[in-house]
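Q: Add chain B to chain A, keeping to what the hints say.
Given next are the chains, with one letter for each unit.
Number of protein chains: 2
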Amino acid sequence: MIRRLAVIGVGLIGGSLARALRAEDAVGEVVGCGRGVENLETAMRLGIIDHYTHNIGAAVEGADMVFLAVPLGAMRDVFQAMCGRLASDAVVTDGGSVKGSVVRDCKAVFGDIPAWFVPGHPIAGTENSGAEAAFAELYRRRRVILTPLPETAPAALGRVEAMWQLCGADIVEMSVAHHDEVLAATSHLPHMLAYTLVDSLARMKENDEIFRYAAGGFRDFTRIASSNPVMWRDICIANSDAIGGMLEAFANELTELSDTLRRGDSDHLLKIFSRAKAARDRFVDGVEA
Amino acid sequence: MIRRLAVIGVGLIGGSLARALRAEDAVGEVVGCGRGVENLETAMRLGIIDHYTHNIGAAVEGADMVFLAVPLGAMRDVFQAMCGRLASDAVVTDGGSVKGSVVRDCKAVFGDIPAWFVPGHPIAGTENSGAEAAFAELYRRRRVILTPLPETAPAALGRVEAMWQLCGADIVEMSVAHHDEVLAATSHLPHMLAYTLVDSLARMKENDEIFRYAAGGFRDFTRIASSNPVMWRDICIANSDAIGGMLEAFANELTELSDTLRRGDSDHLLKIFSRAKAARDRFVDGVEA
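Which chain is which? The protein sequence lines are A and B, in order.
Sequential numbering from 1 applies to the first sequence in the working numbering.
Sequential numbering from 1 applies to the second sequence in the working numbering.
Keep in mind the hints are simulated off the structure, nothing from the lab.
Note that the coordinates shown come from a computational prediction; the quantities given were computed from them, not determined experimentally.
One thing to keep in mind: the hints can contain errors.
Given that identical chains are not distinguished, each listed pair holds provided it fits within a single copy or across any two copies.
[Stated by the list, open to error] For lysine-lysine, the following DSBU-like pairs were computed, each having C-alpha atoms within a straight-line distance of at most 30 Å:
1) Lys271 with Lys205
2) Lys277 with Lys107
3) Lys277 with Lys205
4) Lys205 with Lys107
In isolation and in its complexed conformation, chain A is listed as follows:
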């Protein structure tokens, strides 16, 4: 049971956590914190939060659980604003898509990794944002990756695990570096490809015509290019080493594929496409199972 939950950033991610815990009667009081009055008023009206403040220090005061659901680029300032204001039994966790940068920001503010900090990343989301988009079932049967550090107190980790379990999530632990590599491959790289494809087509002279002949496959493929540009700028900056490496490796793969095409090596093409189809079909079966 959480006595007082402070949600810093009451959007889809933060708001859904609050809703899920409320649905389980697992939280006494929820304090919201953010910049936009309108969004916070919406969160009040929807019963996601009990009250709100624009002051991060005030929001975390007396909270035994603090959830940071702000863009990666804002994490450092949030840690700074919390400094000296946390309750003695407070545990802090976050929902950032990159873990190395959050850990670096935390360390930069506190000097070392505090025992009460449990870096985390729920692999969940929709194309919608804001408090209005939040719903209690967002994390049900979704994976939440936690990346505790040697400094992390086992009790803090246990409390964060218990919280996500109440939301119906499946919890996985891995190292910070491994998280950032895995996410670079499965999430950050695909977003880069979709953004780059749409942008390069849009820069073509006949771009109106180009898009006119795009079909349903293009629509699905580029859906993630409609994601929030600020969020993705922050992710790129935060995970630039892993993403940069993935981009270079992928550019080499494309050059090789181009060579295969120009050689007319149809057996090799069939092998690549068949292997990819098999893996993708297995992946979909795995998700649906």
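A: Chain B alone, transformed into the frame defined by chain A:
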């Protein structure tokens, strides 16, 4: 009104044309031609075709309209089999995703481009295949690109246009080369990216784990990697110059993006992502409008 339609390849594309024309009472008789007995029997049972043969020459005899809906790699053999068997008033058109290769195959068999041949490409499809997947509305409000050549008889073009209009399609004319460039950008390149991404992840040592942490965005992004590998091998071979060029240009874009990341140029990243999001949102609005 079509007297006798010969559909060579009674799958989603060929079967849906027959169904659409039947729904409009615009065709007297439909002859199906293919290799698989089971699929042709299904097409009979569903009333898509009136009878069938495995012999292409026999199928086209007496037909005033012939539609080739076979894989690109089979086109040349189909032209060969039709040779000398076409009725004097026959018009032939096709549904191949690449037009340069179909025109080359036609020329190779007939010595020059016959006046009765109208190369075409309906931009429509679903993830399903076979006669069972065919439905009359597939082409409704979809674009059909026709790429007539200087040799094409205006009357032949007019009859093919009239046929697609009856299916509810929007008809666009462009040159063979332009078609192949546009499709390389909007369809062939995205398929290559999706296949290459899934294949490169599948080749990673920890591929089971990698796929486990992929989320909804990955699922949409890679949907097209579940496409038919044989069909895509054929498309690659048929349009290797245009696709090869696109792949090389795209590899350069990725290398540039990697440099931008490593430089930490967040303004430039935001510019790329914002431009892409705006273009993608416009594209979706355009499709839905």
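Q: Decide, hint by hint, whether the structure agrees.
A: Each hint, compared with the structure:
no., hint, verdict
1, Lys271 with Lys205, "between (35 Å within a copy, 18 Å between copies)"
2, Lys277 with Lys107, "neither (43 Å within a copy, 34 Å between copies)"
3, Lys277 with Lys205, "between (33 Å within a copy, 18 Å between copies)"
4, Lys205 with Lys107, "neither (48 Å within a copy, 32 Å between copies)"
Comparing the model with each numbered hint stated earlier shows that hints 2 and 4 do not hold.
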